[in-house]
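> Residue-level listing of the chains:
Protein chains: 2
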Amino acid sequence: MAPVSLDTINPKVLKCEYAVRGEIVTLAQAVQEELKSKPGSRPFDEILYCNIGNPQSLGQQPITFFREVLALCDHPSILDKSETRGLFSSDAIERARQILDQIPGRATGAYSHSQGIKGLRDAIAAGIEARDGFPADPNDIFLTDGASPAVHMMMQLLIRSEKDGILCPIPQYPLYSASIALHGGTLVPYYLDEATGWGLEVSELKKQWADAKSKGITPRALVVINPGNPTGQVLAENNQKEIVDFCKKEGLVLLADEVYQENVYVPEKKFHSFKKVARSMGYGEKDISVVSFQSVSKGYYGECGKRGGYMEVTGFGPEIREQIYKLASVNLCSNISGQILASLVMSPPKDGDESYESYSAEKDGILSSLKRRAKTLEDAFNKLEGVTCNKAEGAMYLFPCIRLPEKAIKAAEAAKTTPDNFYCRGLLNATGIVFVPGSGFGQVLGTWHFRCTILPQEDKIPAVVSRLTEFHKSFMEEFRE
Amino acid sequence: MAPVSLDTINPKVLKCEYAVRGEIVTLAQAVQEELKSKPGSRPFDEILYCNIGNPQSLGQQPITFFREVLALCDHPSILDKSETRGLFSSDAIERARQILDQIPGRATGAYSHSQGIKGLRDAIAAGIEARDGFPADPNDIFLTDGASPAVHMMMQLLIRSEKDGILCPIPQYPLYSASIALHGGTLVPYYLDEATGWGLEVSELKKQWADAKSKGITPRALVVINPGNPTGQVLAENNQKEIVDFCKKEGLVLLADEVYQENVYVPEKKFHSFKKVARSMGYGEKDISVVSFQSVSKGYYGECGKRGGYMEVTGFGPEIREQIYKLASVNLCSNISGQILASLVMSPPKDGDESYESYSAEKDGILSSLKRRAKTLEDAFNKLEGVTCNKAEGAMYLFPCIRLPEKAIKAAEAAKTTPDNFYCRGLLNATGIVFVPGSGFGQVLGTWHFRCTILPQEDKIPAVVSRLTEFHKSFMEEFRE
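Same order as they appear, the protein sequences are chains A and B.
Numbering of the first sequence is given in numbering that gives the first Met the number 0, commencing with residue 0 and proceeding in unit increments.
Numbering of the second sequence is given in numbering that gives the first Met the number 0, commencing with residue 0 and proceeding in unit increments.
One chain only, chain A, in its complex shape:
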């Protein structure tokens, strides 16, 4: 008798899904193994992972200054050696010293305060203040191993049962649906309007909120992802104000996923944090609960493997803060390198620092290249038969809509899968390109999409476009009515 079977595990685990690393990716890994053992067995020689926002896996280089500081903090005993001056920039050496001075006993190998090292939280709070023009309190910062554990913590805090609802955009980043499922709550969907560039209409929020209430669900929080994942839109400030008012009026915690705050590619849009918007409306601590998530994995830094991030928690009473602290303390603390990196991305080199020029060049190079790649891919999608793609205003993704022929939909049915999955499987098998089917994010019933990152390096983009275009043509030929 096996002690554990699918019938006896936690059904919430069974229910949870995470498409970004789901079926198509497992298939891609198998094809990659096949390519290794049988080179030439496919019409392509490498897998192009466009499934996940993982810039450095596709060749993006880390920011040199950040890595210098991390290396010095990892091995502080070289700080005073003469060779070190030849290997590291002087401001990186200086910054590493400053950081080490803020760590009790300079012990980067010790558990820190459960919210993270105080001096690093000071730097982050100062960075938020500089960004927003409103005060930030280091005691509101909880450093976490990337943004995901922070999201889980808030879901764990808020969800009591399936009667508690979390309003989530559809399409959404599936961390949210996964976390809500794992914590046994109900995802209350609100639909982004594809026709208006993935617009977030407050009328839709109100409608879905009322609908949930009528079903006996208590909406507890509203998730907003801005810039959008997988949808790439950037919210207008006025729209954000309406959202803030809605949350305030209905007593919803505003869970603001702001991990793409540096990824805005169009001049007419600008990132505004939800806390700043709320403060600019005159709402303070007592008026609204806002949690802002930030991560070192995105932006121009793209340091996914470092697992750094934080949440800024505002508008909760001290007794609730204590409960959040307790949850953080059960896991002791987040990793110190990630903590250091989170402080660095919120306080990068300044004009006049030795590294400033190279830092700026690296940063601008990455962001302007991402912008070009986004545009090239967007244009390419819009040239495909039956495909329409909204503007990539921000984030790292495109989420084009594809109108599939009836014959393809039937073929998918026969293959016991969804049409978008069927398309993505075909694409992978024919080209090695990995997209995530729209089903993994949610989409209006009867519409089909896929998510594609804008992360392949620029010299690979032409190949992506031509392979995709060729596949798409032959797919449409095959299944045309």
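Treat the hints as calculated values from the structure; they're not laboratory data.
It is possible that part of the hints are untrue.
In the DSSO-like style, the derived pairs of lysine-lysine whose C-alpha atoms are separated by at most 27 Å in a straight line are [claimed, not checked]:
| no. | chain 1 | residue 1 | chain 2 | residue 2 |
| --- | --- | --- | --- | --- |
| 1 | A | Lys269 | A | Lys374 |
| 2 | B | Lys80 | A | Lys325 |
| 3 | B | Lys162 | A | Lys162 |
| 4 | A | Lys117 | B | Lys37 |
| 5 | B | Lys325 | A | Lys35 |
| 6 | A | Lys205 | A | Lys268 |
| 7 | A | Lys362 | A | Lys268 |
| 8 | A | Lys14 | B | Lys162 |
| 9 | A | Lys162 | B | Lys11 |
| 10 | B | Lys80 | A | Lys80 |
| 11 | B | Lys117 | A | Lys37 |
| 12 | A | Lys11 | B | Lys14 |
| 13 | A | Lys11 | B | Lys162 |
| 14 | B | Lys415 | A | Lys325 |
This one's a predicted model, so the numbers in the text were calculated from it and none came from an experiment.
Based on the hints, put chain B in the right spot on chain A.
Here is chain B on its own, set in the frame of chain A:
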């Protein structure tokens, strides 16, 4: 209307407790602030944190080789520079190169496979094989941010409701009670026998198992912490065999907390992993489910801040393995520096490597000092009136029993706290020494204990002993009948 209050949060969060960073530690932080703002306001000038297994916070130095490799992996562009040879040992440079070669694209800033980088898992599996003399499969390894998230994952997998029970030692490390509470299960306590050096009797397991069953609880798993936390005992191999047989017979998953595997201080005891014991009995994959937790935070490495660790998952079918993989994938991956460090602690320098001698000297220095400190503290406790302390065979803690006078118990009652908490508060206020009250770990009703780490540096141990002894004397004087 505040959207969130203690009445409306998840009651499982409210229920969860984690004493290792609980009330006494919060009080200690307040006293530390007081010392900073008003030096001389107390009869001591520093807080001695003996509450938590956090070696480097108390001055333990990291192993140089490990930090060299981490720094080089953080900033690989210095690998080829001539100055680097002057700063780093040649085998650290070589090892960093090997590790980077195992990372796709040498990208230490990319998300890895959700179980961790394959090459690092290979090294860990080889280390387990070398330790145990039985095969280990890299596909059984799940790298995690320290051992805590691994424990949470298993609890999340196994616990469906409060009808599911997890057998835990009492006293236990409160991560277990916290995780069980957060996941809504029932902790089924089995008591370690203080009279026999915290012996783990299978008769007690059977009794508590039957008792749980009679209450309608389904026991799902047995937690064993070996070497013991907070109790410091090391299990005898024969005892482990009985435990394995019990789990096999009753269909329990054996959750083996083996994070102190390097911390054994007595010649008559040796660490044996539960998987090795099970294999030595002829039990394979199909016979018993064993999960072994390991961490970079303990041992002689003590790298708590790096948040590295792994679990080795054996004896589960592929369909369950897939569910565990899914849980891992929702958080994408553990931090890469922690992954690298986990591979290093399982494959340290070997005889003949340039760093071997210094590595061995550092390792032996730390372990032999820990052994001396354990003995000194154990002897000191046993000299205190009304205090008895078992031998510290392993781990990093002592858990002495203290018989408190009736008058002290009444005074605690008047102060609305438990007697052990009352004692620890008094100790902190009088001496700056931070112990954790036994209530945080569980203890036989009517007995009182505290947990003390053996981690203060050796030059501080005499002060700990004399301050403690003095406080204890005056405490007993004050409350003697």
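> Does each hint hold? Answer for all of them.
Hints, verified against the model:
1. Lys269(A) <-> Lys374(A): holds, 18 Å
2. Lys80(B) <-> Lys325(A): Given that 27 Å is the threshold and the Cα spacing comes to 46 Å, the pair is violated.
3. Lys162(B) <-> Lys162(A): Satisfied, since the Cα-Cα distance of roughly 21 Å is no more than 27 Å.
4. Lys117(A) <-> Lys37(B): holds, 20 Å
5. Lys325(B) <-> Lys35(A): It holds: about 25 Å lies between the C-alpha atoms, which stays within 27 Å.
6. Lys205(A) <-> Lys268(A): Holds, at roughly 25 Å.
7. Lys362(A) <-> Lys268(A): Roughly 19 Å between the alpha carbons, so the hint for Lys362(A) and Lys268(A) holds.
8. Lys14(A) <-> Lys162(B): Given pair Lys14(A), Lys162(B) holds - Cα atoms ~20 Å apart, limit 27 Å.
9. Lys162(A) <-> Lys11(B): holds, 15 Å
10. Lys80(B) <-> Lys80(A): Holds, at roughly 15 Å.
11. Lys117(B) <-> Lys37(A): OK: Lys117(B) and Lys37(A) at ~20 Å, within 27 Å.
12. Lys11(A) <-> Lys14(B): holds, 21 Å
13. Lys11(A) <-> Lys162(B): Roughly 15 Å between the alpha carbons, so the hint for Lys11(A) and Lys162(B) holds.
14. Lys415(B) <-> Lys325(A): holds, 22 Å
Violated hints amount to a single one, hint 2; each of the other numbered hints is respected by the structure.
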